[in-house]
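A.B. asks: Listed below are the residues making up each chain.
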Amino acid sequence: MISNILILDGEFPSDERYFLWSHRYFLTHKPYALPELLKSRSVWDYPSLIDIYGLVDLITHNRTIDEIESFELLLPAFPDMYIRSFAYRSLISQITSHDLIIYLPQLLQIIKFDYDYSSPIIEHLLKESIHDHRLAHKLYWYLRQLLLTENIHFTRYYYLFMSLLYVIGENFRIELQNEYDLCINLRKIGLELKKTKSNKGYFLIEQLKELNNEFFQSSKYSCRLPCQFSFITNNIDINSCSIFNSLTLPVKLVFNPIDLSCEKYYSIYKIGDDLRVKIFFYK
Amino acid sequence: MTRLMSCVRNRYQEGLSQIYFNQQLSFNNIYQCSLQHEALILFEIYANFIDEIDSSLVCEVFDGISMYRIGWCSQGLFNHEHYLITGECYLGIINAAIINQTGFYSLRNLSHRDCSILTISFSNQSLYWPNVQARNDMYAQNFTEISRDKQEYLCRIMNRPNLLLVDHSVMISNESSGDNRKQQLSTNMSDEGLLKKKKLSPETLRKS
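Each protein sequence line maps, in turn, to chains U and F. Under the working numbering, the first residue of the first sequence carries the number 1, and numbering increases by one thereafter. Under the working numbering, the first residue of the second sequence carries the number 1001, and numbering increases by one thereafter.
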């Protein structure tokens, strides 16, 4: 694998570069050839782009760029926004909305390499989020975490986050805010649990009772889980919750479903994580 | 694509090994017409220390004095309307001890109130990056039309192991891990977006 990384990072020798580019018209039908051909270009000034973009258009007319080739064109080795926009459009045309959710972590990392804040994938994500609340939910929580961890790219993610809140509509925005509030409440309980010197088990039960009464308003109020879009809960099964004997005091949390015919949701909550990050299912 | 980097970095001004604050900087070897639309300018801030030195800082020797890279900042040269940026810019300096240098833009990342700022004045001359009209007179040719030797040579170059494609083939061979395949696609991205790079201080980028 290391040798492969070195090959990827290295450039073609100049004779190979010239040879590849001079035979570009013979390679238009070859799958995965486009990234190699573009890597063989060392000059990307204005006059060269006329030729480079012409080749991209020619390849588009002759074959389909699959998601693997698209992703390669989105690596930082290709900063040109025409190429990246082309790759994004190819990717969008290839993947389903289900795939989009799977690829979301990669896409949110890849946008760092875009010169502009706006790109076809940003527009697509926002458009899809309007009617696909499952996607909007995932995107919201990924962005929430990125806003905590990113420094250099904070503003980029912040703009996307604000755009998402703007497009999803007020009702769903409130719903997401409620999920966030649930996390804040759990975090508060976790922090106080660490501080308390009295009986921690008893303290946890009292805190969760308070959460059920005040946040869930005695089961009158429901909320989705940040880690599971399809699970809606209106209270915590306090008797099933417990504390693990560990330095970080992870808490076993069991959420009751709003639909009693469904199974309960078992999870472990640990301070420093949101519910999405470290959830384990008990079987 | 990153060819401009070494040119700018090594030959920005004859006879000078470093640039101080409040100097004008001109790139004699770079022409506006040769700039890539996604070109960046990156500044590294160096300092020397009298007292204790953070051992994690990158050290370089300038004029016999050990200097340590304490920060960096970068800026795209063209704005979203495809104009070369002009006038005064305020670049938020990123602590080199905490965050590795990248080729990305710090101008719009002044998210901390106590962020140190490098002020740069760019030339006020307007330059627009025109839309590129791609050639449409190209035609695909059949691979078998070229000689066997050339075909083999091209295949050798093209089939050289490539990180993404290797990962792809490995992952799709394991049909049960289809979702893992998708999750692992871009885990090996490195920061190569840097196009232009420069050392030190506030200067003016002037067209040559």
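Quick caveat, the hints were computed from the structure, so don't treat them as lab data. Each hint should be verified, as a subset may be incorrect.
As the list claims (entries may be wrong) - Calculated cross-link-like contacts (lysine to any residue; reagent style SDA-like; alpha-carbon spacing at most 25 angstroms):
hint	chain 1	residue 1	chain 2	residue 2
1	U	Lys39	F	Tyr1068
2	U	Lys39	F	Asn1142
3	U	Lys112	F	Tyr1083
4	U	Lys30	F	Lys1150
5	U	Lys30	F	Ile1146
A.B. asks: Please go over all the hints and tell whether each is borne out by the structure.
C.D. replies: Outcome of the hint check:
no., hint, result
1, Lys39(U) to Tyr1068(F), "violated, 34 angstroms"
2, Lys39(U) to Asn1142(F), "holds, 22 angstroms"
3, Lys112(U) to Tyr1083(F), "holds, 21 angstroms"
4, Lys30(U) to Lys1150(F), "holds, 15 angstroms"
5, Lys30(U) to Ile1146(F), "holds, 14 angstroms"
When held up to the earlier numbered hints, the structure conflicts with hint 1 and nothing else.
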